[in-house]
Amino acid sequence: MAAPPRHSSMMATNAGAPQSGANDRQQVTQQSLTPQPTQGLRVPSNRKTIYDRHLNRSRNAESSRASFAYLFGEMVTYAQRRVTGIQDLEKRLNEQGYPLGLRLLDLLFYRSTSTSSSALSSSSTSSSPPNRPLRIITLLHLIHGPLWRLLFQRSADALEHSVSPDTPNEYMITDNDPLVNTYISVPREMSMLNCAAFVAGIIEGVCDGCGFEAKVSAHNQPTEMWPSRTVFLVRFGDSVMEREKVLERNGVK
Amino acid sequence: MLHTQAVFSLIIINKAGGLIYQREFQAGLRKLSTNDYLVLAGTFHGVHAITRSITPKIPLAPTTNSPAASPGTSTPAASSYSYPNPGASVSGLDYLESDKFRLTCFQTLTGTKFLLFTDPMTGNVETIINKIYDLYADYVMKNPFYQLEMPVRCEAFDRHLGAWLRGRT
Amino acid sequence: MSTTKASRIGEEIWKTRIDKVNAELVTLTYGTIVAQLCQDYDSDYKQVNQQLDKMGYNIGLRLIEDFLAKSGVGRCANFRDTADMIAKVGFKIFLNVAPTVTNWASDNNQFSLIFDENPLADFVELPDDGRAQDELWFSNILCGVLRGALEMVQMQIEAHFVSDVLRGDDTTEMRVSLVRYIEDEMPPEEE
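Protein chains in written order, with full-length UniProt numbering: chain A, 1 to 253; chain B, 1 to 169; chain C, 1 to 191.
If you're looking for bench data, these hints aren't it; they were derived computationally from the structure.
Only true hints are included.
List time: in silico PhoX-like cross-link candidates among lysine-lysine, alpha-carbon distance up to 25 Å: (1) A:K253 - A:K215; (2) C:K20 - B:K131; (3) B:K131 - C:K15; (4) C:K54 - B:K15; (5) A:K91 - C:K54.
All chains should be built: construct the whole structure from the sequences, respecting the hints.
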């Protein structure tokens, strides 16, 4: 759909990951990889196509928060009609965010190579071009900073590592006031629901796209000052943790 | 100061005359029963409609056929009268006042009514109502869990409305 | 009200009263919705168009309140004013674009909106499956938005796209027709 073929091949590298939506995702992949007659697309004579426009032209463009809210609201309403419960709804919202994460990853890397002073390049070993993150911490900083700024025009509010020795693979990213939930009041009978599961899906897409198999979920952690404070719990898979140990031993940053 | 700025309570009535929101902002107000609020909403809705329909028209020089006239609606007799300001909609009852309180009604172009009970001395009631409409458009209408025309149960609306009214005094 | 005046109102509201987000967030979110529908409806694009229109309608029913609250404008005197209000105020304050109003029918009940910019379709290329360019109206949600929003202010309209640069056309054009003013809430000058 909105994805050029290279995105589909990226999905293919992740389709084997043991995660909830893997089936759906695999279907998408197969669908778009099915050989099509290459008759090609028609293009306008004035060549108003995506190839003729600079990828950064919309970088600083603004739209209304309202438009996002209405679209996101419809996404939630639509998802609600096809699910059985809160968990199912969150799963579906997560799946909607996932492909977005995959795509944003490319955009993030593209933008960070084309501007020398970006925050991303400072967090990687060489100044330019920045490599994809190899270590968990670099990846999480990429999410907490550049990804959040691209989506929400500010960094996330906190990044923490689980203090429990039983769960060294768990990390928490906190947003005190998630933009996606600005106008949403969840009914009392659904109080466990957090629609930022959509954002959790985006994070999951970014992690997977970078080769860090992970599950990400959104949790309500309200405080008096921040009633819609949300914690994104990132749980990396065993393979990631093992690789992390090897990289640690070899001194890879 | 606080007294003259007092906003006592707010009622929102849907297009059909049903009460969809009611909240008091001052402690110690005499409360009505839920049923009385429903009656108040329905009665006001009806009276409002009647006052709308009795709005007098003024004679008008015959106009050339207006664009976009829907078929079969304008008779020659009716078209020679018009409301004083054809651009503005006919509003119906705008406020009721006693010596202790004032009820101001704001009806949106979509037919929803906001009824605000204030102290008769409270100034800038229009500004207050516009802000309430703004908050309603944000925290009620943009909430996917809110079903149109149904009672408003939106925690974020309550919270922002309360905070704004408190900060105003 | 003149087109210039409407433009000025739209600009002013956009600058002073609108909370902004990165336009790409809106674009990508919309793209996700369309992609999901194409998947759910197994690339039956006619159904996708319908579903998009329906979603837009639901949005329109709600969005009109924000439009009225933010703009503070009163009822339009005629359909030509309505067209300017949609193009220069509505589209401006919600999507930060201002399509051109043109191609009026002689009875003043039908016009076209020409979109030089369409933020919903930035980054988009339709699937190269030999059908999408003939069947899918990618931005169809906008038709539903207009239908829903205007219905709430007592206008029944019909809206559909007649061309789209994503389909290889040179312009993106939406046709909007007034069906009728809804009876029980007639605008005063029509009574």
